[in-house]
Amino acid sequence: MTEQPILRVRGVSKSYGRRIGCADVDLDVYAGEVVAVVGESGSGKTTLLNCLGGNLEPDAGSIAYRFTGDDWQEFLTLSESRRRLLMRTELGFVRQNPRDGLRLRVTAGANVGERLMAVGARHYGRIREAAVEWLERVEIDAGRIDDFPLAFSGGMQQRLQIARNLVSGPKLVYMDEPTGGLDVSVQARLLDLLRRLADDLGLAAVIVTHDLGVARLLAERMMVMRGGRVVESGLTDQLLDDPQHPYTQLLAASVLTP
Amino acid sequence: MTNPAERVTNPAERVTNPGYNYAYLDEQTKRMVRRALLKAVAVPGYQVPFASREMPLPYGWGTGGIQVTASVIGPDDTLKVIDQGADDTTNAVSIRQFFARVAGVRTTERTAEATLIQTRHRVPETPLREGQILVYQVPLPEPLRKLEPRETETRRMHALSEYGLMSVKLYEDVTRHGRIATSYDYPVMVEERYVMAPSPTPKFDNPKMHRSPALQLFGAGREKRIYAVPPYTRVRSLDFDDYPFEVQEFDTPCALCGSSGVYLDEIITDDQGGKMFVCSDTDFCAQRVAAAGDSQGARDPQGAGGLQ
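Each protein sequence line maps, in turn, to chains A and B.
Heads up: the first sequence at position 71 corresponds to 71 in my numbering, and the numbers run straight through without jumps.
Heads up: the second sequence at position 303 corresponds to 303 in my numbering, and the numbers run straight through without jumps.
You may find that some hints are simply not true.
As the list claims (entries may be wrong) - Okay, the calculated beta carbon distance ranges per label pair:
| id | chain 1 | residue 1 | chain 2 | residue 2 | range |
| --- | --- | --- | --- | --- | --- |
| 1 | A | Glu136 | B | Ile267 | 44 to 54 angstroms |
| 2 | B | Gln28 | A | Gly17 | 26 to 36 angstroms |
| 3 | B | Arg179 | A | Glu57 | 42 to 52 angstroms |
| 4 | B | Thr152 | A | Asp147 | 51 to 61 angstroms |
| 5 | A | Leu78 | B | Arg150 | 16 to 26 angstroms |
| 6 | B | Arg179 | A | Gln73 | 36 to 46 angstroms |
| 7 | A | Asp147 | B | Phe250 | 33 to 43 angstroms |
What the hints assert, rightly or not - Where chain A lies over chain B, by a calculated footprint (3+ residues, C-beta under 8 angstroms):
| id | stretch |
| --- | --- |
| 8 | 34 to 45 |
| 9 | 112 to 120 |
To be clear, the hints were calculated from the coordinates, so they are not data collected in a lab.
Think of the CB as a built atom: it goes at the ideal place given N, C-alpha and C, for glycine as much as any other residue.
Looking at chain B on its own, in the form it has when it is part of the complex (with noise of 0.2 angstroms):
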């Protein structure tokens, strides 16, 4: 066995703790996360249940995430981290270093360089391509939970393909609110088999699952679960005939980069009610700012550079 500090690519993120195992997971582990792994992948949506390690950090930190993450990285690939869509939070960062640590990866923040994407919240705006791996972090796994407490009961639910609960849930969102009201973690049914929760994703993102070129692993460490969305499966957001998935739209364009058709944070820049709508995605929107800096020269709309 070689010594995994030497098969790092980069020799300024070297491992430097050789008392944990390559990608801190031990070797059994990553083992049997991975077969679970490709039972997901085999099997689209469904959830496979599977021995969740303790890790170094809290439920709700990320722990599902980052034991798929530490199962499939390996030290040529490149790793980008984001929390709400932004690199620069600080459980993307502590993520990012955690693993540049124990598994000597390279780290960035571009989406098109990473080869492993590990993301809380947001699929990032930059289209993914073939080859590429997108890990989410999943709290709640279970897309029939809050309608069926029982466990036994859901899983038969799926089994038998017996989804008509969930759109007794969508038809609440309608009465109550005139229109499906929900917003983020909105259910999905994987090539018209199960029906999966794309954890707390806003529905902005459903579309872009659809199809999607990349690999998509969902890890859910307090509950267990681990499911999968293969390359190029058909993703379908659950709706009414007469009330159609609809995604989010926002009537202007991001304050910083001014993008349009992409998911913006709102952002109160003081305590007079000012705020600005900006780009959730850091990454995507420093790349539109850098890019119209390139061909206009200095133009700084708004001060953003500041913000950067």
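For reference, chain A alone in the conformation it holds in the complex (with noise of 0.2 angstroms):
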């Protein structure tokens, strides 16, 4: 590939004491591309993960964005209002229970707003027209933008914390088993929603999932983690038919077919 891609992870690493989170990752990026981690738990997924969206401080390595120009950025040094701005504007963080993403006492109109009004929106108006835009792209309706998400079904405030990251235009997306916890229809219309948003924004998203069947229908690529290193990595369809190391030819295996 020519083109430069928006994320360059090279060789992060955290631990807990003497136990390993996560060693020694590498990582690419691109525009519009979505990448799935696998893994069993305890792998490290999410500690990559949550350093990568700057939940944690890794003990070592390299974190650059790139989202205009040849201008990159070492997220890793950069000041903590300008991270939490990045954070807010142009990357998105979905976790596995959206009530840990979701401003679970204000209306679901609120928590599609907040991120607009971080940047500085303050026309009511305005911002509720894009409150009810983002609530019907993930298929919400309309008519429920003054109800608390406590009121929604659980597939429902995961399509809601999915429209309250996406709100500002992210261009990189990252989601912690965004499917976990969610009945196998629920789970099917969840993923076909993420397919079509990441076709349509060009988004980019790294997915942590632990469901071989999410990251064949989302991910291009696919990288496996085992014991905090990355084993694999590669395309997933050639991954998960030709996979290369033990570990991954175990996952493989291990595929419930119903």
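Join the two chains, each given in its own frame, into one complex according to the hints.
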């Protein structure tokens, strides 16, 4: 590929005392592509995502973003205010449990509008218009704009969380098990939605999942982690159809098919 | 060191408790509070932590305001204390007596005569002037607290001037009530830097804080915070472009003094649904009534004299 990536991760490591969270991870993400990070529980997937998304401070390594031109920004040395601004504008973070990513005490509309207000929107009518538009895009009835997130089902909460993240037009979204805890049919709808949004918006995403089905459906590329290290990475189809590393072979072989 | 009683200018109100230090607090505590005050004045709107002391009254009755007052009061001061605008309510009377006793200061109900005014809920209607100090009793100094429970996070938000969340609160107001329904403790932006809770004053008084010639000090005893708005500081009430800030308006003028454009209290007069609206600022009202009496003979509208 001649194009330059928008995210360049080199040698990111994070350990919790003597236990390794993730070690020496390299990753490039290009504009508009979806990368899945798979592996069993405790393999360091979420630790990696939290490092990338600014929730955890890595012990070593470099995380650089390029959102405009050739201007690489080293995330780890940015000032905290610039970092938080980046998190609210160019980046999104969808958490596994929507209750962690939503404000439960304010209405759905305010949840979606929060990012806009955080960067200075001060026109109620326009904030509301944007909220209505985004609720419709994630297939939530616009009539529920004034309902509280707790009145929503699990799948709707997750979609609301996605709308809340996408309203600022981010270029890269991190998702931590976005379909975890949802039943199968709701999962399927959410996956459809994610795939469509990624296509429509040219959104890049890094999705952490333990579900190889999700990875195959959404991701062009895939990275397999075990014990905090990347054991294999490549095109999703290739990796799943012709796994090289014994652990990837084990993973691919243990998928349940009904 | 001179005996505090000798410095009292009004001999009728001498310090009667030589067992206490001047103005109740010990000198080290006053020094600590003054340091916090200096910092607060230097950084308008910033909440300065201070080591709030136990006071001889419960939290919520004005412990923060009293500590601030005790730290800035001197024998030459004239103190006025108001509670909900009134000089004659229990809290106002008690705090006034407290300082008359422990600081030997002259007290007054006239806004214009006071050098130091401790208040709960109101800014006096009579415009303040340079040299006056207004001390607010504050229950909840953190404007973001109800939206963000973590202190570490709210401090960071203040540090980075991240106030989008405040707009979320206003958004919720408009969504639920069709207008910004917050009517007291209405968040303000101080000198375009810090968002500040103006304590539970009605939003009617927010415009009076803007570029006020008086020094405004805020003390929160339970939450151990002091903040300040120095004279002539910009104080802007937050709002939306399409839902601008506006103050309460009243349909009727004050039933006692006939003033309009002032903040009114509703007073229930009987159990038949009878009520009247009168000035919440009792001093302002009484002076207006007295002035009307002087100029127009003994006119006494609606038996107002009986309530005074």
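Okay, the hints, checked on the actual structure:
Judged by the Cβ atoms, the range 44 to 54 angstroms given for Glu136(A) and Ile267(B) holds: they are separated by roughly 51 angstroms. Distance hint check for Gln28(B) and Gly17(A): the Cβ-Cβ separation is about 44 angstroms, which falls outside the suggested range of 26 to 36 angstroms. Roughly 44 angstroms separates the CB atoms of Arg179(B) and Glu57(A), a value that falls within the hinted 42 to 52 angstroms. Taking the beta carbon of each, Thr152(B) and Asp147(A) are about 31 angstroms apart, not inside 51 to 61 angstroms as hinted.
Separated by about 23 angstroms at the C-beta atoms, Leu78(A) and Arg150(B) satisfy the suggested range of 16 to 26 angstroms. Checked against the hint of 36 to 46 angstroms, the pair Arg179(B) and Gln73(A) passes, with Cβ atoms roughly 42 angstroms apart. In this structure the supplied range 33 to 43 angstroms holds for Asp147(A) paired with Phe250(B), their Cβ-Cβ distance being about 35 angstroms. Only residues whose C-beta sits within less than 8 angstroms of a C-beta in chain A count toward coverage, and the stretch 34 to 45 of chain B has 0 of them, not enough to reach three; the restraint is violated.
For the stretch 112 to 120 of chain B, the stated coverage by chain A is violated: 0 residues have a C-beta nearer than 8 angstroms to a C-beta of that chain, whereas at least 3 were required.
Hints 2, 4, 8 and 9, counting from the list given before, are not met by this structure.
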